[in-house]
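Chain order of the listed sequences is A and B.
Residue numbers for the first sequence follow the working numbering, beginning at 9 and rising by one.
Residue numbers for the second sequence follow the working numbering, beginning at 9 and rising by one.
Treat the hints with caution; some may be incorrect.
Chain copies aren't distinguished; within one or between two, either way the pair holds.
Capping the alpha-carbon separation at 30 Å, the derived lysine-lysine pairs in DSSO-like fashion look like this [stated by the list, open to error]: (1) K116 x K133; (2) K175 x K48; (3) K239 x K48; (4) K169 x K103; (5) K103 x K41.
Since the hints were derived computationally from the structure, they do not count as laboratory data.
There are 2 protein chains.
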Amino acid sequence: MQRIKCTVAYDGTPFAGYQVQPGKRTVQLEIEKALREIHKGEDVKITASGRTDAGVHAKGQVFHFDTGLSIPEEKWPTVLNSKLPPEIVLTWAEKVSGDFHSRFSAVKKEYRYCVYQNQAADPFKRHFALHYPFQINIEEMRNAAEYLIGEHDFTSFCSAKTEVADKVRTIYSIGIEEAEEEITFSYIGNGFLYNMVRILSGTLLEVGRGKYTADDVRGMLEAADRGAAGKTAAPQGLYLWKVYY
Amino acid sequence: MQRIKCTVAYDGTPFAGYQVQPGKRTVQLEIEKALREIHKGEDVKITASGRTDAGVHAKGQVFHFDTGLSIPEEKWPTVLNSKLPPEIVLTWAEKVSGDFHSRFSAVKKEYRYCVYQNQAADPFKRHFALHYPFQINIEEMRNAAEYLIGEHDFTSFCSAKTEVADKVRTIYSIGIEEAEEEITFSYIGNGFLYNMVRILSGTLLEVGRGKYTADDVRGMLEAADRGAAGKTAAPQGLYLWKVYY
Chain A
9 MQRIKCTVAY
19 DGTPFAGYQV
29 QPGKRTVQLE
39 IEKALREIHK
49 GEDVKITASG
59 RTDAGVHAKG
69 QVFHFDTGLS
79 IPEEKWPTVL
89 NSKLPPEIVL
99 TWAEKVSGDF
109 HSRFSAVKKE
119 YRYCVYQNQA
129 ADPFKRHFAL
139 HYPFQINIEE
149 MRNAAEYLIG
159 EHDFTSFCSA
169 KTEVADKVRT
179 IYSIGIEEAE
189 EEITFSYIGN
199 GFLYNMVRIL
209 SGTLLEVGRG
219 KYTADDVRGM
229 LEAADRGAAG
239 KTAAPQGLYL
249 WKVYY
Chain B
9 MQRIKCTVAY
19 DGTPFAGYQV
29 QPGKRTVQLE
39 IEKALREIHK
49 GEDVKITASG
59 RTDAGVHAKG
69 QVFHFDTGLS
79 IPEEKWPTVL
89 NSKLPPEIVL
99 TWAEKVSGDF
109 HSRFSAVKKE
119 YRYCVYQNQA
129 ADPFKRHFAL
139 HYPFQINIEE
149 MRNAAEYLIG
159 EHDFTSFCSA
169 KTEVADKVRT
179 IYSIGIEEAE
189 EEITFSYIGN
199 GFLYNMVRIL
209 SGTLLEVGRG
219 KYTADDVRGM
229 LEAADRGAAG
239 KTAAPQGLYL
249 WKVYY
């Protein structure tokens with residue numbers, strides 16, 4: 009058996025998220041269906057770096073699987089893409105050793121959150137960015153982001169439904185870039201809790217609008233209570249951008 | 009009665025084109041449905057600058073309608089957008105005199121056709137540009153475009169199903185811009201025949217790949233035969249960009 013590591017981009021719009029769920033169309037379901045076809049009916053399970061929710065996109069999700077087929081690594085994208093729907097595109101594949109694991113071997117992840125501020129909604133962006141037609145104070149958001157960088161207990165910044173006990177994570181950097189009425193947040197960290205990037209983005213946007221100050225964000229972290237932080241920003245602005253190994 | 013001129017953007021992906029067709033979801037149907045609601049059940053017919061096909065987009069389609077309501081012109085976008093689905097967004101509205109006509113008063117139109125050349129398909133562009141992963145000679149396409157500019161009989165460059173008798177049109181300019189593996193064609197002319205921009209774009213791309221020379225394009229015009237020109241490029245790359253009055 010050979011382990012194959014794949015990088016995949018997907019438009020999350022038509023999917024009920026990444027992970028298989030009974031009766032739902034998911035990204036994992038489509039990829040496993042394609043692999044089953046390639047393996048002549050044999051079930052092939054894939055393991056990804058993590059889940060993404062309904063409507064969330066990926067530019068660089070990573071998954072691995074084991075195969076008995078002797079397809080050269082550089083052929084896997086063509087072979088899989090020919091069986092996949094156009095919303096899912098394999099961009100890279102390589103052979104890895106059997107101890108590589110998409111989830112446990114990951115050392116860092118990058119997520120991006122995209123916002124556009126134009127007064128009128130844009131029909132071409134509705135599935136790919138959050139419409140936020142308000143005056144935003146970028147400097148105050150950057151000041152708030154400074155408090156979030158580093159190792160913290162992010163209990164206030166994850167869904168109350170989060171099942172993991174240890175909510176301490178490290179954010180290495182938060183970039184906030186503005187260009188032509190678009191704002192892009194980029195977060196690099198050692199791991200992210202359930203809904204964490206959406207809550208961070210929703211909170212920073214509310215800082216930008218003046219509902220909270222940068223100092224308030226420090227208090228939110230200390231509160232360790234989901235009710236203390238801002239809103240969960242909508243899924244369509246979120247992209248799993250890159251997984252680092 | 010007051011005539012209102014509106015500019016509208018739409019993502020053509022989910023529609024069976026602009027024009028009302030029995031049993032189909034179209035852009036005109038959605039706008040007339042919204043207007044009927046605003047006019048308390050009264051039918052309001054809209055007239056656009058022209059049709060767009062299934063999957064074709066608009067950044068600046070123009071239509072007009074007559075209303076007895078005394079809504080200020082600057083309020084119409086908000087009023088209509090609140091009733092329209094998110095794929096259709098009114099970007100401008102103004103009062104015009106009763107002799108203004110979206111179709112007959114138009115003096116020029118601009119269409120754009122978008123192509124991306126990346127080797128792998130891009131799931132985020134699949135509805136918004138043509139995937140054309142080939143080496144393209146931009147200079148040869150520009151040379152070919154020179155033959156197309158001006159007043160010509162465009163019989164070779166419209167669908168054989170075109171019903172209008174006079175196939176003479178004037179193209180004022182053809183721009184071909186390349187940036188980051190994307191090519192954008194922009195056409196400004198006094199009018200365009202059925203499928204004309206898609207056939208022009210398909211033919212120019214085949215010139216870019218070397219199937220035809222620029223000189224061949226001159227011959228295609230002279231042939232006055234749809235069979236002489238290149239392929240009809242796919243609808244998702246096409247945008248009705250602007251209508252000039």
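Status of each hint after checking the structure:
| no. | hint | verdict |
| --- | --- | --- |
| 1 | K116 x K133 | both (28 Å within a copy, 27 Å between copies) |
| 2 | K175 x K48 | neither (43 Å within a copy, 54 Å between copies) |
| 3 | K239 x K48 | neither (47 Å within a copy, 37 Å between copies) |
| 4 | K169 x K103 | neither (36 Å within a copy, 52 Å between copies) |
| 5 | K103 x K41 | within (21 Å within a copy, 55 Å between copies) |
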